[in-house]
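Q: Chains as they are written, first to last, in my numbering: chain A, 59 to 526; chain B, 36 to 307; chain C, 105 to 416.
Just so you know, the hints here were simulated from the structure itself, not pulled from any lab data.
Fair warning: there could be bad hints in the mix.
To be verified - The following residues of chain A were derived to be distant from chain C, with all beta-carbon distances above 12 Å:
| # | residue |
| --- | --- |
| 1 | Leu122 |
| 2 | Tyr154 |
| 3 | Asn350 |
| 4 | Ala351 |
| 5 | Phe428 |
Claimed, not checked - With a straight-line cut-off of 25 Å between C-alpha atoms, the simulated DMTMM-like cross-links for lysine to aspartate or glutamate are:
| # | chain 1 | residue 1 | chain 2 | residue 2 |
| --- | --- | --- | --- | --- |
| 6 | A | Lys415 | A | Asp160 |
| 7 | A | Lys415 | B | Asp251 |
| 8 | B | Lys100 | A | Glu144 |
| 9 | A | Lys514 | C | Glu189 |
| 10 | A | Lys277 | A | Asp213 |
| 11 | A | Lys415 | C | Asp168 |
The beta-carbon is built from N, C-alpha and C at its ideal position, and this holds for glycine as well.
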Amino acid sequence: MSNDYRRGRTAGPRKWHRSSADVRFRGFAVGAVIVSVVLAACTPGSSESPTPGQTASKPVSTDLGSDPVTLRVETDNSGSNQASLEELGAAFQKNYPNVTVDIITEQFTVLQQNGPRIISTPDTPDLIRFPTLGNTVKDGLLANLDPYAAAYGWDKFPATQLDQWRVSADGSRRGSGSLYGMGLSFSLTGTYYNKEEAAAIGMTTPPATVADFEALLAKAKAAGKVPLLSSGQDGNLFLIFQALMLSEGAKEQLSDWVFNEPGATIDTPEALDAATTLVEWTDAGYLPSDVNAINNTEAVARFNSGDAVFIYDGNWNTATYNTEMGENVGFFLLPPSSSGGKSSSMSDPFNYVIPAKAANKDAAAAFLNFAYTNEGRAIMVETTGQVPGGPADADLPTTGAGPVIQDTLTAFQQLNTDDGIAPYIGNATASIYTDTIIPQFQLLVAGKVSPADFVKRLQSDYTSQLAP
Amino acid sequence: MVRARVQIAPTIVLALLVLLTVLPLVSLFSTALQPQGTVPSGLTLPRDPHWGNFADAWNAAEFLKLLRSTLVIVIGVVPVSVLFATMAGYALAQMRIPGGGIAFGLLIFGLTLPFEAILIPLYLQMKALGLLNTQLAIILPLIGLYMPFSVFWMRSHFVNVPKELTEAAEIDGATARHMFQYIQLPLAVPAWSSLAMLLFLWTTNQFMLAIVLISDPTKRTLAGALGAFQGERTTNVVLVCAVSLLIITPTTLAFLALQRHFVKALLQGIAK
Amino acid sequence: MVSINAAPLPTLRDESEAERPVDRLHTVQRFGGWLWLAPSLLMYTMFVLGPLALTVQYSFYSWDGIGQSTWVGLDNYGEVFKNPELFGSLVNAFVLIIFFAIFPILVGLVASALLKDVRSKAVGTFARTVLFIPQIIPLAGAAIAWTWMYSEGGVVNQVLRAIGLESLARPWLGDFDTALPAVGLIGSWVAFGLCTVLFSAGMGKIDPSLYEAVRLDGAGKVREFRTITLPGLRQEIVVVGTVLVIAALASFDIIYIATLGGPGYETMVPGLQIYRLAFTAQKVGLASALGVVLTLLILVVIVPLQRLRREA
Numbered sequence: 059m060s061n062d063y064r065r066g067r068t069a070g071p072r073k074w075h076r077s078s079a080d081v082r083f084r085g086f087a088v089g090a091v092i093v094s095v096v097l098a099a100c101t102p103g104s105s106e107s108p109t110p111g112q113t114a115s116k117p118v119s120t121d122l123g124s125d126p127v128t129l130r131v132e133t134d135n136s137g138s139n140q141a142s143l144e145e146l147g148a149a150f151q152k153n154y155p156n157v158t159v160d161i162i163t164e165q166f167t168v169l170q171q172n173g174p175r176i177i178s179t180p181d182t183p184d185l186i187r188f189p190t191l192g193n194t195v196k197d198g199l200l201a202n203l204d205p206y207a208a209a210y211g212w213d214k215f216p217a218t219q220l221d222q223w224r225v226s227a228d229g230s231r232r233g234s235g236s237l238y239g240m241g242l243s244f245s246l247t248g249t250y251y252n253k254e255e256a257a258a259i260g261m262t263t264p265p266a267t268v269a270d271f272e273a274l275l276a277k278a279k280a281a282g283k284v285p286l287l288s289s290g291q292d293g294n295l296f297l298i299f300q301a302l303m304l305s306e307g308a309k310e311q312l313s314d315w316v317f318n319e320p321g322a323t324i325d326t327p328e329a330l331d332a333a334t335t336l337v338e339w340t341d342a343g344y345l346p347s348d349v350n351a352i353n354n355t356e357a358v359a360r361f362n363s364g365d366a367v368f369i370y371d372g373n374w375n376t377a378t379y380n381t382e383m384g385e386n387v388g389f390f391l392l393p394p395s396s397s398g399g400k401s402s403s404m405s406d407p408f409n410y411v412i413p414a415k416a417a418n419k420d421a422a423a424a425f426l427n428f429a430y431t432n433e434g435r436a437i438m439v440e441t442t443g444q445v446p447g448g449p450a451d452a453d454l455p456t457t458g459a460g461p462v463i464q465d466t467l468t469a470f471q472q473l474n475t476d477d478g479i480a481p482y483i484g485n486a487t488a489s490i491y492t493d494t495i496i497p498q499f500q501l502l503v504a505g506k507v508s509p510a511d512f513v514k515r516l517q518s519d520y521t522s523q524l525a526p
Numbered sequence: 036m037v038r039a040r041v042q043i044a045p046t047i048v049l050a051l052l053v054l055l056t057v058l059p060l061v062s063l064f065s066t067a068l069q070p071q072g073t074v075p076s077g078l079t080l081p082r083d084p085h086w087g088n089f090a091d092a093w094n095a096a097e098f099l100k101l102l103r104s105t106l107v108i109v110i111g112v113v114p115v116s117v118l119f120a121t122m123a124g125y126a127l128a129q130m131r132i133p134g135g136g137i138a139f140g141l142l143i144f145g146l147t148l149p150f151e152a153i154l155i156p157l158y159l160q161m162k163a164l165g166l167l168n169t170q171l172a173i174i175l176p177l178i179g180l181y182m183p184f185s186v187f188w189m190r191s192h193f194v195n196v197p198k199e200l201t202e203a204a205e206i207d208g209a210t211a212r213h214m215f216q217y218i219q220l221p222l223a224v225p226a227w228s229s230l231a232m233l234l235f236l237w238t239t240n241q242f243m244l245a246i247v248l249i250s251d252p253t254k255r256t257l258a259g260a261l262g263a264f265q266g267e268r269t270t271n272v273v274l275v276c277a278v279s280l281l282i283i284t285p286t287t288l289a290f291l292a293l294q295r296h297f298v299k300a301l302l303q304g305i306a307k
Numbered sequence: 105m106v107s108i109n110a111a112p113l114p115t116l117r118d119e120s121e122a123e124r125p126v127d128r129l130h131t132v133q134r135f136g137g138w139l140w141l142a143p144s145l146l147m148y149t150m151f152v153l154g155p156l157a158l159t160v161q162y163s164f165y166s167w168d169g170i171g172q173s174t175w176v177g178l179d180n181y182g183e184v185f186k187n188p189e190l191f192g193s194l195v196n197a198f199v200l201i202i203f204f205a206i207f208p209i210l211v212g213l214v215a216s217a218l219l220k221d222v223r224s225k226a227v228g229t230f231a232r233t234v235l236f237i238p239q240i241i242p243l244a245g246a247a248i249a250w251t252w253m254y255s256e257g258g259v260v261n262q263v264l265r266a267i268g269l270e271s272l273a274r275p276w277l278g279d280f281d282t283a284l285p286a287v288g289l290i291g292s293w294v295a296f297g298l299c300t301v302l303f304s305a306g307m308g309k310i311d312p313s314l315y316e317a318v319r320l321d322g323a324g325k326v327r328e329f330r331t332i333t334l335p336g337l338r339q340e341i342v343v344v345g346t347v348l349v350i351a352a353l354a355s356f357d358i359i360y361i362a363t364l365g366g367p368g369y370e371t372m373v374p375g376l377q378i379y380r381l382a383f384t385a386q387k388v389g390l391a392s393a394l395g396v397v398l399t400l401l402i403l404v405v406i407v408p409l410q411r412l413r414r415e416a
């Protein structure tokens, strides 16, 4: 073998075919190398140091001019969000013919996780649904809305509507400070009930105390129905837990905790009571035995098929209940623990922010404002059945759509009167929902962790997640 | 008599295996045909098949946009990867390259690397390059990530080409480029065409990189778009099933059309 | 141009290079060879090796990915092994090896042994095509299909109820005891077709005279399998085993879609944990440390496995 090699070697001067194609090929090879170098060249670009709370120094304007503008709005694909925004967008475009409204959707968990990343790219939408604040104010990713609030008069709305998205200058505390987000409408949590089934177990009016509600659950169980539906796979169990805490009057405690007030804690007697009650209800069979395996979709579907009497859910599903069950479904807030107490429930703005890097901030603000006009509010109620934000003296939209929607509107009115709006504990830190709440509640109702350990775990995760 | 008995057992086994294989897909299909908004139980023959669900799925997934995006990614990844890997495989197999062994060793190490290990730096790198949420964000890393396997694959082919061939060509005065373009490349068609098929498959099925680096589901790969349709707040199980079926259809069709080559290629590859 | 005879060339077994000197193109200057290697190596370095080095670097810091970072030395690694949820995810990954690799290989071996005597070619091709489909669809798609099958009213429970085993029906993916095996079985489904087809093809290459010899010795089917078939399939078993073990340890797609690590932390795997830590909890340093540990773990398992390939 090596002979052949040497033979070839000494076989005389080699006739090389240096054709032009050859040179071209070598050139190509070198070119390929250069191309891949250029392709792969790491020019770490942005070394921008984000300054909290600062936005472009361009003054805000309520006049959108006449140049064509494409307003990009991103929202989550739950319920009828997309439909409502599209209708809102169509109506908005009639008032501002030079603006085209483009709606993009993404699933809720992805928005919650990817939100900060999405808005930090130059490609960011102009208005985006933003469930959790995270570090975005501190990192300077959101536009300060104070100028718009002043220009459009949002600062005259009921304060509790705006509080949840007021953030201190260093981004560490909420509840006061500059405004960074606005809710087009508000979520509302409570108990939906199947009117037929409820009447069958003897419920004539919504229960006045938690004890009354518990008695109803027992009756439902005895009648062979699923008393209370919820979903453990996606963490919605926490809604019941928090509602129980609120009925014991823990609203201030919880608000402080969610707003990250220094020294706030959830390791309290009320929390322990609520966790214990939740476990008792699960053990008594008031919740379905496979609660950890079902997600919100399936829970809603089961309720709609008539298997259950009550479901603890949020009004993002009101439209679905209304369509599927029509006259047969109603809504009430979880009552306080003692009769005559103030009502309190979780509610938060379906919040939208204008990214600091957005190209069309003025258009985004105008769109927001449109949602608070009577026309916009009516559209929101019609398309989503949700409670719209807006001035306290705006018309309460009446809808012929269904009793359950009217129930939610009335309930929200009650909440405003009692000043009972509380923020969701799922928003306490950027990751507490996916990292702590979902798994820990699953462990709790499966009996794998004691209520005392559970509450301690909530607090310790909260602390470590808030640590810089 | 004995032969007949022997034939029954394998047939039953085969039937069982085939049944088990298609069952999940059939279940998806039967659900996709149910009326939307319901939660049908398992496998039920739809009394009134809602074929329209697939049309809805098409729109919900913005399927055309998704297909186009996937095509862009595939075109960006596969030809370049195959070309680079063939060149490298050829060189490693047929040329004496100082330090070539080290290069090959580095590549082999990459065969075992989990993509998760480089997810974070890739994300930050793409962010710095301003490529997040574009197809390039997937194309570039995938080319790099495919190099270990692809170079190994092509090298295995070239190593088995007998040197008498190169000898004969050299005597005729051919250069490396000649050799490569006119002899080795055509000879290697089975190798690089099957590589291309494999890379095509892996690219359309790439999920993790797609959901991390591209936030708009319609700009991802086919598989990546699935990430947007599974989540706690989707309200339509039937639609999710229909969309899933829609998404797995293109690659399945491609596979069925080319299955003979495909399976042969994979089996040969593993035998190497 | 040299004309080429298009007949297939004899394939030679790839022995170690030292034994068989391949003719080098001495007409190419020695470093010219690097021109051929460069594009692939450049892409590989820029988008794989470079990032890997960065991951190692990040693992020694505490960082949220955006702001300032703090040096913490080996603390992150300590956390990986001390924190029950992080360590648990590594344990889960190992459990998945049983389902993703061992079980499908066993099924494949048994099935291909039983199928050895199937004569019909049409049946063979049809079966081969169908059995390959799980390898063609994306893992996320498989997970969606199986999530649906595992649901309360899904096929699995439907079948159990139909055959009278109603007491066994349960929400497989939501039950703390069954979630991990249930997820594992999805991986089994993805792999068993591949193993069956692979081993069938491999068996076809085993010299039939070996079988005859051992049968003359009076060996039954089992001994025949153990002494001839198994060693003959050694190469295939190790290669597919390697691929499947890596799939188990690095799993992400299936768990992301099916359970997101739940219920509780029952099905959490390192891949998903890295994703969560980095992008939700914004603990880049810890996530990187876990990534490095995962990479090393894979090597620790895979490298010894390769020794099984070359045996006397």
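Q: Which of the numbered hints are not met once you compare them with the structure shown?
A: Violated hints: 3, 4, 10; rest satisfied.
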